[in-house]
Amino acid sequence: AQSVSQHNHHVILSEAASLELGCNYSYGGTVNLFWYVQYPGQHLQLLLKYFSGDPLVKGIKGFEAEFIKSKFSFNLRKPSVQWSDTAEYFCAVTPTSGTYKYIFGTGTRLKVLA
Amino acid sequence: DTAVSQTPKYLVTQMGNDKSIKCEQNLGHDTMYWYKQDSKKFLKIMFSYNNKELIINETVPNRFSPKSPDKAHLNLHINSLELGDSAVYFCASSSQSREQFFGPGTRLTVL
Chain X
7 AQSVSQHNHH
17 VILSEAASLE
27 LGCNYSYGGT
37 VNLFWYVQYP
47 GQHLQLLLKY
57 FSGDPLVKGI
67 KGFEAEFIKS
77 KFSFNLRKPS
87 VQWSDTAEYF
97 CAVTPTSGTY
107 KYIFGTGTRL
117 KVLA
Chain A
77 DTAVSQTPKY
87 LVTQMGNDKS
97 IKCEQNLGHD
107 TMYWYKQDSK
117 KFLKIMFSYN
127 NKELIINETV
137 PNRFSPKSPD
147 KAHLNLHINS
157 LELGDSAVYF
167 CASSSQSREQ
177 FFGPGTRLTV
187 L
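Line by line, the protein sequences are chains X and A.
Numbering-wise, the first sequence is residues 7 to 120 according to the working numbering.
Numbering-wise, the second sequence is residues 77 to 187 according to the working numbering.
Mixed in with the good hints there might be a few duds.
As the list claims (entries may be wrong) - Rough simulated footprint, nothing fancy, chain X against chain A, three-plus residues with beta-carbon under 8 angstroms:
(1) 118 to 127
(2) 166 to 174
(3) 177 to 185
Said to hold, decoys possible - Here are the simulated DMTMM-like cross-link-like pairs (lysine to aspartate or glutamate), alpha carbons at most 25 angstroms apart as the crow flies:
(4) X:K107 <-> A:E100
(5) A:K147 <-> A:E175
(6) A:K117 <-> X:E26
(7) A:K128 <-> A:E175
(8) A:K147 <-> A:E134
(9) X:K107 <-> A:E134
It should be emphasised that the hints constitute simulated quantities derived from the structure, not laboratory data.
Don't be surprised by glycine CBs; every beta carbon is placed ideally from N, CA and C.
So that you can see chain X by itself, here it is in the shape it has in the complex (with noise of 0.2 angstroms):
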């Protein structure tokens, strides 16, 4: 069965702190990988997005993830927290065929102290 896991349930870090969100799927194919927050009482936005090509993909906000096929993870980075990144974070992936059936991770609660 399709599934995504997300190993760090709560983090807690200091302005200017890096970060790196840990993100490890289970599906045998090919897949579409995501990252996105949820800002408190907000809706999911879209931080970045991986289809194919370079594996080191960037998003808005200074944020980064690097997709390791070998390890079926997608790590999100950023190298310099602020007080604004505190929020909900969510990892994705769909397949690239079928019934487009997209499989969250349980997400990380990011709060950032300033």
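We have chain X; now place chain A onto it with these hints.
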């Protein structure tokens, strides 16, 4: 311009009532979804429609019935509401397996 819109934003109702949530997207996408997000922020897919055809129907009680009158609309009707239905419901749309765009959510509270 709002890409994915939902109405209402808040819905407070009594147990046993029937309610509907509407969703519209103006992105020209062919696939629309309903998700339920519980208090722990866990996002669970409920339904998906592709070109008005139901393609994903997860383990959801029969009290939940989606309806897609056209590609741009996907509504969710809930019969006999229960306390456990309290959650935030998000509508989303996408073009095949590309990124999803989410609506602002409908916070449903069942008393």
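Broken hints, by number
Failing hints: none at all.
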